[in-house]
Amino acid sequence: MPRARMKELEPIEILSVLDEDGNFDKELAPDIADEKLIAIFRAMAKARLFDERLLNLQRQGKLGTFAPVRGQEAAQVGAVAAIEASDWLVPSFRETAAMLWRGASLEDIFIFTAGYNEGLAIPDDSNDLPTCVPVASQLPHAVGIAYAQKYRQTGSVVMAFFGDGATSEGDFHEALNFAGVFEVPVVFVCQNNQWAISVPRAKQTRAHSLAQKAIAYGFPGIQVDGNDVLAVLKAARDAVTRAREDCLPTLIECVTYRMGVHTTADDPTVYRDEEEVEEWEDRDPIERLRLHMRSRGLLDDKAEDAMAEELKDEIESAWKSARDTMEGLTDPSMMFDHLFAEPTTPLRAQRNAFEALRDDRKAANE
Amino acid sequence: MSDERTMVEALNLALREEMDRDDNVMVLGEDVGADGGIFRVTKGLIDDFGESRVMDTPLAEAGIVGVSVGMALAGLNPVAEMQFSGFSYFAFHQIEGHVARMRWRSRGRFTLPLVIRMPFGGGVRALEHHSESREAYFAHTPGLRTVIPSGPRNACTLLKAAIRSPDPVIFLEPKAAYRAFREEVPEGLDPAQLDKADIRRKGADITMISYGAMLRRTLEAAETLAEEDGVEAEVIDLPTLAPLDAETIGASVRRTGRAVVVTEAPLSFGPAGEIAARIAEEAFVYLEAPVNRVTGWDVPMPFFAREQSYLPDARRITNAARVTLAY
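Chains as they are written, first to last, in the working numbering: chain G, 20 to 385; chain X, 239 to 565.
The reader is advised that the hints may include incorrect statements.
To be verified - Coverage of chain X stretches by chain G, computed from C-beta distances (three or more under 8 Å per stretch; other residues unrestricted):
(1) 280-287
(2) 297-308
(3) 312-320
(4) 478-485
As the list claims (entries may be wrong) - Calculated lysine-lysine pairs in the DSS-like style (CA-CA distance at most 30 Å, straight line):
(5) 398(X) to 169(G)
(6) 339(G) to 81(G)
(7) 281(X) to 398(X)
(8) 281(X) to 169(G)
(9) 55(G) to 45(G)
(10) 398(X) to 440(X)
Just so you know, these hints were derived from the structure itself, not from any lab. Just so it is clear, CB atoms sit at the ideal spot from N, CA and C, and this is done for glycine as well.
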């Protein structure tokens with residue numbers, strides 16, 4: 020009848036590859052072709068520019084509320100760069116950078132942000148879920164999708180995103196617990212951006228890290244420098260391999276920072292100091308990768324200017340086509356579409372009633 | 239084996255036949271595997287279909303429903319069990335937020351051929367939280383179908399239909415009817431047609447509308463009215479509560495001019511109110527009397543020693559019909 024210590028738990032790994040001046044540890048760095056690194060830089064730059072354009076249009080009243088991604092580009096692109104097109108992405112609501120890497124169209128995001136359901140239509144060949152607003156509620160879905168991959172032996176894996184606040188929700192714990200019990204190919208990518216609207220990370224949990232929560236569910240957790248795209252990529256690749264080859268989950272905590280507002284309806288000056296934001300500006304993930312690539316001769320002024328021009332043109336042209344598309348979105352009766360495979364009798368009746376009102380209003384306006 | 243089956247046996251048969259038919263169909267929930275479900279609805283399935291298709295899950299309703307959502311949108315056909323409807327509220331955000339909306343949100347890309355089964359209602363002397371009748375929560379939620387069998391035979395054919403439905407179905411099983419009586423339920427029955435009311439007794443004098451465990455009591459009341467009052471009641475079962483088949487109800491009330499609605503659910507803002515409103519819309523000028531609602535009271539289900547005082551019984555239903563007939 021001893022009073023003893025349980026077996027020592029495996030310590031949680033922490034990983035950082037790239038420092039704030041762009042120097043990197045060759046031993047720890049993932050093996051990556053120059054072209055892919057350039058593509059990653061481009062995707063991060065595109066997400067940043069797009070974010071700025073969305074914010075600008077939102078402030079002009081042309082778009083609605085959205086959650087900017089600024090500061091989290093490495094934590095998102097680094098992670099999704101480790102999965103294949105045939106794998107699954109389960110996003111939360113701040114994963115614009117990840118979604119763009121996966122092929123989401125700028126035009127659709129503009130349309131969605133302008134308040135039209137059509138912008139969230141998922142293409143038939145896409146394995147990416149639509150954005151999910153209720154915090155952490157997408158995580159059990161990732162586990163179910165992963166179970167289906169295991170059952171059908173597709174070899175595909177699932178990558179799910181969520182924030183630090185989500186780790187306080189029951190769905191987070193239920194999802195990780197189910198994932199551990201059922202041993203499914205899923206990678207949980209926590210975007211620990213330090214703030215859940217106004218509540219700092221320290222008030223979400225007394226635990227030293229979020230990564231360590233994986234221990235309780237019986238699978239590995241790792242904490243990475245989320246503003247270091249090479250570290251995120253490395254950790255994500257390891258986790259994807261574990262998922263694909265051993266059908267086991269991983270929790271990756273990306274330590275990053277929400278450099279902007281929670282959403283455009285939020286004013287962070289009420290609850291956080293500007294000095295903190297400035298400290299994180301020095302760790303800007305895009306700047307770090309820029310310095311690194313320049314030091315390796317993968318980027319110069321000319322290439323960067325050309326890239327910025329191309330991205331701005333791409334964004335402006337998407338905004339133009341989004342506006343053209345939205346001009347055609349004049350019929351709200353689409354709200355009755357896609358609720359059931361076939362509309363039910365009561366729904367058909369309500370749609371008829373709505374369309375009569377719509378036509379009556381149109382006639383009155385003419 | 240005799241084809242006479244209880245509702246529990248009929249549900250088990252439906253699950254077995256659907257799992258035989260399609261290996262995308264799987265069952266998950268608390269105690270559904272080795273234990274066969276606490277009511278034995280999933281008895282023996284784990285032996286025939288294995289742990290990969292009959293999954294004992296951790297004790298977490300949101301997890302069960304949320305994981306089922308993921309399975310369904312990735313092409314599987316999960317049948318999730320909530321051990322009691324009173325615990326489905328842990329999963330309500332998954333049901334309202336995702337089960338009901340995923341097809342709509344993704345504009346048809348992700349469909350959810352998913353069934354969430356749950357025993358509901360009173361009458362088996364269970365503990366607190368085990369006897370509620372809260373179908374209105376689901377029926378009120380756009381994007382859900384709420385299906386409620388009333389006997390073994392339609393339990394079997396409705397569950398098959400629910401499993402084959404391309405849309406999610408909330409499948410509420412009246413546990414008072416689980417073992418109360420047997421019906422002829424042979425193997426190989428075709429699925430029922432959803433969204434259709436079922437006229438269970440023809441009559442010209444009054445329309446009585448019910449579903450679930452209250453249907454038997456309503457039919458009993460109708461027989462009493464025939465024997466003692468010479469009144470022929472038409473009794474309509476609503477195996478699909480939502481969407482409501484208002485046409486069948488309306489046509490009947492236009493013939494009879496009188497209606498009684500019987501539910502276990504509490505009176506206020508409940509299914510009986512919705513049905514009464516639809517009768518007003520469909521048959522107002524034919525009505526000879528106000529629609530009479532016979533329901534549970536607007537209180538929590540009392541502990542089981544008094545649960546029968548809460549539930550409508552045949553005598554209360556008969557008397558309500560007499561008031562309506564005499565109006």
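Results of checking the hints against the structure:
1. 280-287: violated (count 0)
2. 297-308: holds (count 9)
3. 312-320: holds (count 4)
4. 478-485: Our answer is that it holds, as 5 residues pass the Cβ test (under 8 Å) against chain G, meeting three.
5. 398(X) to 169(G): holds (26 Å)
6. 339(G) to 81(G): holds (13 Å)
7. 281(X) to 398(X): This hinted pair holds, its Cα atoms lying about 17 Å apart.
8. 281(X) to 169(G): Holds. Residue 281(X) to residue 169(G) sits at ~25 Å (cutoff 30 Å).
9. 55(G) to 45(G): Distance of about 17 Å is within 30 Å: holds.
10. 398(X) to 440(X): Holds, at roughly 27 Å.
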